[in-house]
Structure formats: C-alpha cells, structure tokens
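S.K.: Sequence:
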Amino acid sequence: MSGYVGILVSDPCLQNQFTQVELRSLKSHFTSMRRENGKLTLGDLASRISRLKVVGENLSDQETTDFIAALYPNFNDEVDFESFLKVYLKLHAHASSRTGNPAKNSSAFLKAATTTLLHTISESEKASYVAHINNYLAQDGFLNKYLPIDPSSNDLFEIVKDGVLLCKLINVAVPGTIDERAINTKRLLNPWERNENHTLCLNSAKAIGCTVVNIGTQDFIEGRRHLVLGLISQIIKIQLLADLNLKKTPQLVELVDDSKDVEELMSLPPEKILLRWMNFQLNKSSYKKTVTNFSTDVKDAEAYAHLLNVLAPEHSNPSTLAVKDPLQRAKLVLDHADRMGCKRYLTAKNIVDGSPNLNLAFVAHVFQHRNGLSTQTKQISFLETLPDDAQVSREERVFRFWINSLGNSTYIDNVFEDLRNGWILLETLDKVSPGIVNWKVANKPPIKLPFKKVENCNQVVKIGKQLKFSLVNIAGNDIVQGNKKLILAYLWQLMRFNILQLLKNLRCHSHGKEITDVDILRWANTKVSNSGSQSRMDSFKVAHE
Numbered sequence: 001m002s003g004y005v006g007i008l009v010s011d012p013c014l015q016n017q018f019t020q021v022e023l024r025s026l027k028s029h030f031t032s033m034r035r036e037n038g039k040l041t042l043g044d045l046a047s048r049i050s051r052l053k054v055v056g057e058n059l060s061d062q063e064t065t066d067f068i069a070a071l072y073p074n075f076n077d078e079v080d081f082e083s084f085l086k087v088y089l090k091l092h093a094h095a096s097s098r099t100g101n102p103a104k105n106s107s108a109f110l111k112a113a114t115t116t117l118l119h120t121i122s123e124s125e126k127a128s129y130v131a132h133i134n135n136y137l138a139q140d141g142f143l144n145k146y147l148p149i150d151p152s153s154n155d156l157f158e159i160v161k162d163g164v165l166l167c168k169l170i171n172v173a174v175p176g177t178i179d180e181r182a183i184n185t186k187r188l189l190n191p192w193e194r195n196e197n198h199t200l201c202l203n204s205a206k207a208i209g210c211t212v213v214n215i216g217t218q219d220f221i222e223g224r225r226h227l228v229l230g231l232i233s234q235i236i237k238i239q240l241l242a243d244l245n246l247k248k249t250p251q252l253v254e255l256v257d258d259s260k261d262v263e264e265l266m267s268l269p270p271e272k273i274l275l276r277w278m279n280f281q282l283n284k285s286s287y288k289k290t291v292t293n294f295s296t297d298v299k300d301a302e303a304y305a306h307l308l309n310v311l312a313p314e315h316s317n318p319s320t321l322a323v324k325d326p327l328q329r330a331k332l333v334l335d336h337a338d339r340m341g342c343k344r345y346l347t348a349k350n351i352v353d354g355s356p357n358l359n360l361a362f363v364a365h366v367f368q369h370r371n372g373l374s375t376q377t378k379q380i381s382f383l384e385t386l387p388d389d390a391q392v393s394r395e396e397r398v399f400r401f402w403i404n405s406l407g408n409s410t411y412i413d414n415v416f417e418d419l420r421n422g423w424i425l426l427e428t429l430d431k432v433s434p435g436i437v438n439w440k441v442a443n444k445p446p447i448k449l450p451f452k453k454v455e456n457c458n459q460v461v462k463i464g465k466q467l468k469f470s471l472v473n474i475a476g477n478d479i480v481q482g483n484k485k486l487i488l489a490y491l492w493q494l495m496r497f498n499i500l501q502l503l504k505n506l507r508c509h510s511h512g513k514e515i516t517d518v519d520i521l522r523w524a525n526t527k528v529s530n531s532g533s534q535s536r537m538d539s540f541k542v543a544h545e
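Numbering-wise (the numbering used here), the sequence shown opens with residue 1 and increments by one.
There are no misleading hints in this set.
Only pairs whose alpha carbons sit at most 20 Å apart, straight line, appear in this in silico SDA-like list of lysine to any residue: (1) Lys349 / Asp300; (2) Lys161 / Asn171; (3) Lys343 / Tyr136; (4) Lys237 / Val174; (5) Lys168 / Thr211; (6) Lys39 / Pro434; (7) Lys168 / Leu143; (8) Lys485 / Asn458; (9) Lys468 / Ile436.
If you are wondering where the hints come from, they were derived from the structure by calculation, not from laboratory data.
Generate the whole structure from the sequences, applying the supplied hints.
M.R.: Structure (structure tokens):
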C-alpha cells in the first residue's frame, strides 16, 4: 500500500513555497471558488480572492483587482490551481512591499525552499528531552523495548518515525487526549498505518495547544530533527505548565489582590503566570530586580539562588550568593535543586547561556515540586463562579480540543472566555466553510470597545443562519456575555456541520457511495478489534463490552 504523499505541484520551486497544511487550506479555498460557476477565471479570481484572510485584511477589493489586471490583461483566462498559487504569492508579496512589513496573518508563505535551509538543533535540549521521555515513558508496555534512549545518539529521531512515541508523549502531557486503541502499535507498520499515527499525533498536538503549522507527516517519516525536536519541546512544555491554572492550583490566588485581578490572572498564558509566581516569591527575598524572561534575566543565576533560598531555606548554601563567577553560582544553584529533589532539565552552562526552553522547564518543574504558596486558599468569591458542572466541563473540553485542532491563530484555554470577542469563532467558520466570513467588517483583537465584539459575534450568528443552524433566541451579545448554554449549542451545530462536510468528502472518494452509520461503526469496530480489545459498538447510542 502506498503512503500518503499530500498535494503535489508540478513546479518544485512553487511546491517549496508552501507546507502541506498551507496547500490543503489553499486547495480548499480554490475548490470552493471554482465550484460557484463550475470554473474559475481571472476575472472571478479578482473578485473572490479577497475572501482569503491574508489578502482581504491587507488589500482592498479594488487594489486586488488592479494588481491582477496589471499582471494578466485577459480576465477571461481560466485559472488552474497552480496559477491560483502564483497569483496568491504575488498578491502576498505586493501587500508586504507596499506596507514595508510582512502582511498581516502571514504564515511565512514566502520562504526559501526547505531543502536549502540549514537547521541546527541544541544537543543540550535534545539530551534534556530524551531524559524526560526515558523517565515518563519507561513503564510503557510497547515502548519499553526501545527505552532508555541514548541522549548522545540520534536514536530519538528514528524511534519517532512510526508516530507511537509522540502519541504516547501527548497522553503523558494531557492524559486522555488520545484513545490508545487508535494508535497502530504493530512492530512493523505499513506506510498507511504510519501515516494514520502521524495524523493522529499532529491533530492531537494541535488540540492540546502545540503550534504545528509547518510540520507535516512527511517530516516525521524523513526524521527532520529540528521539527521533531520542536514538537517534542512544545509537548513537554505543556506538561510542565499544566498546573499553572486556578483549577489545578487554586493557591495561585495569592498572586493577586481582588477578584478583578483573578479574572486577569485567568486570562494569562501559563508562561506569564510562571513569571508572576517567580517574581512573587522573589519579593520575599532581598532580590530587587523583576524577572521578565527565562533567558537574559536569569543568566547570572542570582534570581535562581534567591528563589530556591525562599522555597527551600533548609537546603541553602551561603556561598551561592557570595561567589562572583556566574557559572560557579549556577552549579551551586543546581546542587540546591538536587537537594530539593528537583530534576535538572539543564546544566550550569545552559543557565549562563540563557537557554529559554530549558530554563522555563527548570522553573516549571520547581513550581510543580514546591511552589511555596499557602495551603490555606484565600476565600475569593470569584473562584466560586468557576465552572464545576461535569457535563459542561466535558463538553467544553471536547469543543476546545476540536477548535484548537483546526490551527487557528490563537490557542484557546476556555471556550466560554476565549470566544467572547468572536474572532476565533470567525476563524473557525472560515476553516469549516472557506470564504464564508466577510473579513472586511471583522474586528481583529485586541478589541477594547464592547460593541466591536458584538459586531463580530453578530456576524458569527448571521453565518450560522446561512449554514441552517437552529439559532432561536441566540444573539451576538449572548456570546459576548459568555452564555454557556447558547455557546455550547452553537458549537455543537458548527462541529456537526464540519463532520458532515467531512463525510461528504469521503463520499467523493468512495465512488459516490453514501457513508452511513453502518460504515462508520464497521470501521470503528475494526480498529478496536485490531488493537486486541473485545469491545464493540452496535450503534452510537449504546456501547457493549
């Protein structure tokens, strides 16, 4: 069985301007435009390409039309996919040259051929991540025959080629993300099974918050080290930062003074909360500086010395702050961390060199091991409003994973909070039904004026009605206000529409045969049976053991 090769373009130079993710997205837009009249001419393209977000936000309709007219005088010429890509690239370059800056929402489409780029990896980071994998996956029944991995070798990049290790690592970072019965774990996988694992890995990585825009299944097969290591870095980072929220660590309310500040704290990304926590602890010491990053601000190891003295004074060494050499001080800091029982994740040289990824991993692990916050949580009324309904939380998690898997510009942590300005919903609609959003009237974050958020959400509701959603008593302001019931109702219909579109596409690849529940159940039961389980489903209502 041949492996998946993705979307191919006859011109290699043109092919190398895009990732497979970008090609699939543009192919979808192109197909949608051509479907309207059965063909696509340059005249049609001039009026429709502004629907693409990158073009529509940087050039007016008239500017787009004039530019295309200057390049191609005959508007009756029909456009194929490769011509469409060339026009897109030229429009993108035109927008960039006109503003003097990269066009808004650019995904680095204008880049050199990937085959000519020289990518290097950090051996220190590789060694640290290998140690993490060896530690957390040592007891895995399938992977234990490959572990421990030698950090000084390139065995890691060979082992990830079947996709199993990365899927397992995602489940360590966010337990339950992948049903492990869906992972192909035979010793020898055919290309199709390997591709299934890679696709499962990439979609799941996107769902938990990884940025995978420039990574495709072929990168794993070829063992592209910088991309593989970059993805592993993100997965481990998500695992280490998992406790930096009020649900997991309610003691974080100590970092703020009132409920308004708590709301602001909830909206911060985990790295910012970690920095705030670090500065909160440093304020208890004689250290007077503010740490703003995990690179230059910690290179002298002074901040670390004060932090660990506050968290674990019983293990402190007076000479740590007395020494003048930063490298020697960094070594003493790591000795202090060892006495606390913390994993290192980095060397003294990594600290002095200011390695941001490894420093962040180190501080995050210190937080997990000993955060120094009071066990007596402040009674702040705002905490009582946090969602605790099990059904709502489960649905919110499903929709959050689905939205994040689409590759929108922003990762969302909570659908009830992060969708309130309407922007992510508009991006999601554009992914599900390319070209349906009018970006000319959309308001891009940050949005300070409430009515601008309402305008976005009104368009969300309007598009929902175009797609035949049942939206009785749902208005844009309900989304802005964070109405959980109505937001969940909208998202359920949007996700259902996306799945129905997928099934229609499957029909196109099954010689016109309608895909039924029976077909889906047969496929699901086969996958489960192949994994060695006796479980099966006879319908989508009841599951039998």
